[in-house]
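Undergrad: Under the working numbering, the residue at position 131 of the sequence shown is numbered 137, and the numbers go up by one with no gaps.
Be a bit skeptical, because a hint or two may be false.
To be verified - Dumping the calculated DSS-like pairs for lysine-lysine here, alpha-carbon to alpha-carbon at most 30 Å:
#  : residue 1 : residue 2
1  : K490      : K130
2  : K101      : K15
3  : K428      : K397
4  : K490      : K473
5  : K428      : K490
6  : K232      : K34
7  : K397      : K420
8  : K420      : K370
9  : K370      : K421
10 : K101      : K29
Simulated from the structure, these hints should not be mistaken for lab results. Computed from a predicted structure; not experimentally measured.
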Amino acid sequence: MMSWNLYQKAKDRLARERGTIFKAFGGKLAFALVYPNTYYVGMSNLGLQKVYALLNREPAVLCERAFLPDPPDLAQHQQGRVPLFSLESQTPLSKFDVVAFSLSFEADYLHVLKILDLARIPLKAEERGDRHPLVVCGGVAPTFNPEPLSPFIDAFLIGEGEAILPGFLSAYRDSQGGGESREQLLRRLATYPGVYVPGAYRVSYHSDGRLKEIAPQTGFPATVRKGWLKNLSTSPTSSVILTPDTEFSDIYLIEVSRGCSRRCHFCVAGHSYQPLRFYRTETLRSQIAEGLALTRKIGLVGVALTDIPDILSLCQEIVSQGGQVCPASLRMEGISPPLMELLAAGGQRSVALAPEAGTERLRKMIRKAFSEEEIVEKISISLRGGIAHFKLYFLIGLPTEGPEDVEAIVELTKKIRHIARKTCQSNRLPWNIQLSINPFVPKPFTPFQWEPMEEVGSLNVKLRTIKNGLARVGQVRVFHDGPKWSFIQALLSRGDRRVGDLLYAAHLLGGDWQRAFREINLNPEF
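With the hints as constraints, model all of the structure from the sequences given.
TA: Next comes the structure, spelled out in structure tokens:
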């Protein structure tokens, strides 16, 4: 019997939501759409909301959400009393036709296994039969490398959901109508662009451990091409559900662009979601109107935000109607006095910027070619416009990085602090600076994909240099990821199917990665 407090928590969450879609199960193809992290994290993800809308738009399809339980709730699920269930109807995930993971980050790979375990669904695809849900996975992480999760997933959706889901649904309906087996269903699904069935491919290796071949079974494509949507405006993307229980509390999110023209050498977004595409201005205006009818906070999402046509007029439209523009982040070169004044006029007080490196030499090398003077000038423009809270993103461990590049992060931050303090003394604005320092992790299909990951000890030295250099500098705070986790992230982002054995071991060992490495005898340096 379902634990009453878990049931009540789900009901309370639903009561705080606006826009939730409820459908009856009767005869519908039932999807459990799973974000492999907590509700707080997952409901901040616009991709999850887009797939939720796309599936529920189909009359013959039902889609409900599920998430990794919050830490206090995990014990009740793990002790065997309560299988993991969906949010909308509290139905166990094992009762759905399809369990679909929306996966953005390597940090959540282990959560995929935990969720399958909590749902009483066999972890490995080869152990599932016709009575089990079909387990599929899509999102940016599996799009650039699905292999580490291949042992656990029946089918990956490679690319953009809008382009893949129609074919997937059509194939599933045809298979159901014909009474086909699970194997026959997967074979049918694989005929559609963007669907990768890993179990249908045999992987072989050279004697030295290098990958030799990924060979398809008869009838499966040798190459799986990602699905992508040519015209974004045919399928606008914005929030479906608003809730106060997320990082973006009651912010109506609107995707304004997809892809990126800059193609920075380290960045997946600039290489996996090509070509750069924009929504039509009239499409965005319509979404803005819908959002302002629900909340005053409008979040504009897109790597190329300041490149979109009519960005100033769109921001003006939001602010003139009493709204607040909440940009995910801004490009340094896109900062202008009119834009910053508009943001401040709507009540926005902070901005996220990404210098990425401390020296101009290193910025040029990674295709972030702006000078220190340009950075300081853009900060000054923001301050004069009324924006005085800054989150600055930097990478350490980039190729060719030396001690002087790391020390330059400290010096650049001090210069930014100086101009912020000086400006805010005169205009009486409260201000602060947050540094987010992340180790460089090489990603597939980027120019830096073959670069080595810097050793953990060396990265820790660089972190100490930055933290010690700014320890006594007021109004500046430093946040960073742990280098040990970044090392594992690099393995998950570039690894092949053998990394699946590591994931499986780490799951069985409660997330103890070091012990998992020893158990399976995997050399992470290979």
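Undergrad: Tell me the hint numbers this structure goes against, listed in increasing order.
TA: Of the numbered hints, just 5 does not hold.
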